[in-house]
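Modelling step: build the complete structure from the supplied sequences, incorporating the hints.
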Amino acid sequence: MEILNSKSKKTLLDPRTKLLLLVFVSVFVLGNAGGNAAAEFRVALNYLPLLLLLASGKWKPVLFSVIFYSLAYAFSTMLMPHCKGLLNFLILAMCGIVLRFMPGIMTGMYVVSTTTVSEFIAAMERMHVSQKITIPLAVMFRFFPTVVEEAGSINKAMAMRDIKFGGKKALQMIEYRLIPMMTCSVKIGQELSAASLTRGLGGPGKRTNICRLGFGWCDYLTFTSLACGLLFVILQACKVI
Amino acid sequence: MIELKNVTFEYGSAEGAAGGIGETVSNGSLKNINLKINEGEFVLLTGGSGCGKTTILRLINGLIPNFFEGKLEGSVTVDGFDVSHAELYDTAKSVSTVFQNPRSQFFNVDTTSELAFACENQGMAESEILQRIDKTVSELHLEPLMNRSLFDLSGGQKQKIACASVAVTGNKIILLDEPSANLDLKTIDELASLLKKWKAEGKTIIVAEHRISYLWDLADRTVVLKDGQIVRELSREQMDKISEEELHALGLRSARHPELVSGSHSQEMLKQVQHDSGDTTCFLTLQNFRYKYRNGYLALNIPQMQIPVGKITAITGNNGDGKTTLLNCLCGLGRRSKGTLLYQGKTYNRRGRQKLIFLVMQDVNHQLFTESVLDEVLISQSDANEDEARRILATLDLEAFADRHPQSLSGGQKQRVAVASAIASGRDIMLFDEPTSGLDYTHMLQIGEILRSLKDQGKTGIVVTHDRELIKECCDCEICLHDFNQINPAEGGKDA
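Listed in order, the protein sequences are those of chains S and H.
Under numbering that gives the first Met the number 0, the first sequence has 152 at position 153, and the numbering climbs by one with no breaks.
Under numbering that gives the first Met the number 0, the second sequence has 339 at position 340, and the numbering climbs by one with no breaks.
Hints are computed from structural coordinates only; laboratory data are not their basis.
Here a beta-carbon is modelled for each residue, glycine too, at the ideal position from N, C-alpha and C.
You may find that some hints are simply not true.
Computed cross-link-like contacts, DSSO-like style, restricted to lysine-lysine with a CA-CA straight-line distance of at most 30 Å [as the list claims (entries may be wrong)]:
#	chain 1	residue 1	chain 2	residue 2
1	H	Lys291	S	Lys59
2	S	Lys155	H	Lys35
3	H	Lys92	S	Lys186
4	H	Lys291	H	Lys240
5	H	Lys171	S	Lys155
6	H	Lys185	H	Lys134
7	H	Lys225	S	Lys186
8	H	Lys454	S	Lys155
9	S	Lys205	H	Lys134
10	H	Lys134	H	Lys70
11	S	Lys155	H	Lys458
Stretch-level coverage of chain H by chain S, calculated; a stretch enters the list once three of its residues show a Cβ under 8 Å from a Cβ in chain S [stated by the list, open to error]:
#	segment
12	91-99
13	356-368
14	463-475
This is the structure in structure tokens:
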């Protein structure tokens with residue numbers, strides 16, 4: 000039966016592990032915590048989400064990021080020492096953006112694309128997070144793809160009316176795009192909430208959940224490696240001090 | 000038993016109301032409604048746009064006054080339980096609703112969790128939920144739709160999931176708000192048989208709907224609303240006797256399935272036209288139209304097709320036959336559209352077609368960008384000319400709204416604004432994607448009139464529609480896309 004298949008088809012990591020990973024990537028890569036002491040750990044964190052994305056069968060973004068990372072590393076180590084002034088600054092800025100932001104985006108992509116809404120809600124409930132926080136976040140999972148769909152239709156309408164970059168009225172393009180976007184988003188948001196309320200969302204009783212959650216060996220492996228990384232950073236920082 | 004006693008309701012703000020500013024129809028408010036619906040009864044609520052059908056459903060499921068605010072008098076009870084003052088999550092345990100728009104009634108992203116959602120909210124045991132899902136899936140034959148992303152499903156498939164999620168809850172009272180608005184004839188038949196099954200199970204069913212033909216033999220009673228009041232109640236016997244003329248006089252659509260313009264007939268007509276003229280200039284000739292999805296699925300493959308110029312042609316077919324894809328291809332939207340179009344001796348490629356053809360989209364909200372109706376027409380003209388723009392608006396009864404924001408108008412008015420900008424763009428070929436989905440009889444006739452007037456102006460109209468009444472009203476010939484679209488039958492089984 001299909002349903003039975005769905006029970007066995009569990010993603011590699013538990014949603015809670017994914018959130019922890021997201022926190023680590025944000026703090027160490029985006030937030031640059033630990034400074035030089037965490038340099039090696041940071042490189043590892045850059046590649047960890049890529050491994051996970053690869054494991055869930057999404058090789059296109061992985062290939063894309065590997066190329067970008069390599070270019071950024073190559074530029075910052077080989078080219079930058081030989082440049083001065085504005086050029087140096089430009090390379091620094093570009094490499095910084097790639098190496099700081101992309102790992103976060105990739106991790107986010109992994110989390111959103113492999114977690115279903117009900118898995119997410121279940122995980123948040125296990126962590127005793129209030130429904131007041133969980134429900135708006137869960138709605139976002141659903142809302143963004145819907146808005147992207149709408150944006151696609153609006154793009155088509157723009158192309159047909161000959162409003163595009165290079166076409167006439169290119170300047171008003173942003174305004175023209177935002178108006179239908181906003182009306183559609185408000186309408187969809189309202190309909191989505193009305194529909195979920197009539198199905199009993201937000202009741203005081205305890206929700207149940209049909210998806211299976213639980214830590215597997217992959218989760219423990221991730222925990223262990225993150226803990227080791229953290230320990231390594233602390234030790235290095237102490238030695239430096 | 001559901002009982003509405005002396006109910007009067009007025010929406011507090013414009014957001015929930017049905018009609019637009021300046022529309023003569025009422026905005027969905029109700030005046031002194033008394034309605035009793037017994038257990039196991041199947042009631043059809045019908046009437047023109049903004050007559051208050053949806054408002055009655057919202058009163059029964061408690062969305063009014065708990066979500067849509069306004070001034071409410073009188074009482075609404077479901078099995079003696081006052082739903083207006085109850086919490087929505089309590090009402091949800093006995094009343095389920097299927098909404099009109101399949102794009103925005105799901106909370107989850109995958110189908111299986113969507114089916115479980117309402118039961119999970121009630122805190123039902125996991126094993127119980129899984130058992131119920133299994134039962135519903137096998138009863139409604141949904142196996143191929145399980146564990147899929149809702150974003151990959153067609154409108155008809157989404158509506159099936161919506162109905163299934165209602166079935167999983169096992170609720171005794173089921174409300175449906177224009178469930179057929181986005182469905183093709185085949186899917187509507189499936190919906191009708193599901194409703195029949197529910198009726199046999201003794202569920203109380205209330206459907207608010209314009210297209211009444213598929214419900215006419217099922218309903219126990221029909222309630223006709225106008226301007227927020229019940230103007231007529233038809234019992235089963237009266238429903239059997241009533242004539243089409245009487246229904247149209249009440250502003251209702253046909254209760255019987257309009258006879259099909261048979262495919263072969265229209266094909267012969269096409270050939271006749273071609274034979275009479277003897278040349279090909281009076282045709283739009285589509286050559287090698289192909290469209291492949293990113294995942295390699297071929298949705299459209301038309302080696303050759305001809306559409307008469309200066310006529311209104313209906314394109315029909317079931318969901319997944321590639322109608323919308325054909326429209327996108329015709330307009331040259333999307334890089335994966337392939338094919339050439341021969342028109343008046345000239346060949347148009349994809350980019351050329353973008354400037355030749357105007358598409359009035361199904362959701363017109365997507366194509367109204369500006370701050371006023373007049374601006375909307377002006378930006379479509381190649382050289383802005385205000386007098387000309389006002390003249391175009393006058394021909395479509397829109398001159399009074401020239402300075403209004405397009406998004407503040409009603410659905411029908413928005414559609415006319417889109418038509419106005421199509422005329423202003425000076426393009427000869429106009430496509431309409433489901434222009435009458437969710438429209439009542441009067442507005443359907445209005446669209447028919449607009450189409451005919453476009454034809455009189457020498458334009459070519461191509462209408463993709465499921466609406467037999469519209470085809471009967473204004474279309475000169477009909478093309479069944481299935482006869483032309485040569486997608487590999489092995490792949491064709493998959494719904495696009």
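Now the hints, each set against the structure:
With a C-alpha separation of about 20 Å, the suggested pairing of Lys291 (chain H) with Lys59 (chain S) holds against the 30 Å cut-off. Restraint check: the Cα-Cα separation between Lys155 (chain S) and Lys35 (chain H) comes to about 47 Å, which exceeds 30 Å; the hinted pair is violated. Annotation: proposed proximity of Lys92 (chain H) to Lys186 (chain S) holds, straight-line Cα distance about 26 Å (limit 30 Å). Between Lys291 (chain H) and Lys240 (chain H) the CA atoms are separated by roughly 50 Å; this puts the pair beyond 30 Å, and the hint is violated.
For the hint linking Lys171 (chain H) to Lys155 (chain S), the alpha-carbon distance of about 43 Å lies beyond 30 Å, and the restraint is violated. Among the hinted pairs, Lys185 (chain H) with Lys134 (chain H) is consistent with the structure: their alpha-carbon atoms are about 24 Å apart, no more than 30 Å. A hinted pair counts as satisfied when its Cα atoms are at most 30 Å apart, and Lys225 (chain H) with Lys186 (chain S) qualifies at roughly 26 Å. Under the criterion of a C-alpha separation no larger than 30 Å, the hint pairing Lys454 (chain H) with Lys155 (chain S) is consistent with the structure, at around 25 Å.
A distance of roughly 24 Å separates the Cα atoms of Lys205 (chain S) and Lys134 (chain H); the hinted pair therefore holds under the 30 Å criterion. Of the pairs offered as hints, the one joining Lys134 (chain H) and Lys70 (chain H) is violated, with about 42 Å between alpha carbons and a cut-off of 30 Å exceeded. Between the alpha carbons of Lys155 (chain S) and Lys458 (chain H) the distance comes to roughly 22 Å, so the proposed pair stays at or under 30 Å and holds. Here's how the segment 91-99 of chain H fares: 6 of its residues keep a CB closer than 8 Å to some CB of chain S, so the rule of at least three is met and the hint holds.
With 10 residues having a Cβ less than 8 Å from any Cβ of chain S, the segment 356-368 of chain H passes the three-residue criterion, so the hint holds. Judged by the Cβ-Cβ criterion of 8 Å, the segment 463-475 of chain H is not covered by chain S as claimed, because only 0 of its residues qualify and three are needed.
Going down the numbered hints, you'll see the structure goes against 2, 4, 5, 10 and 14, while the others check out.
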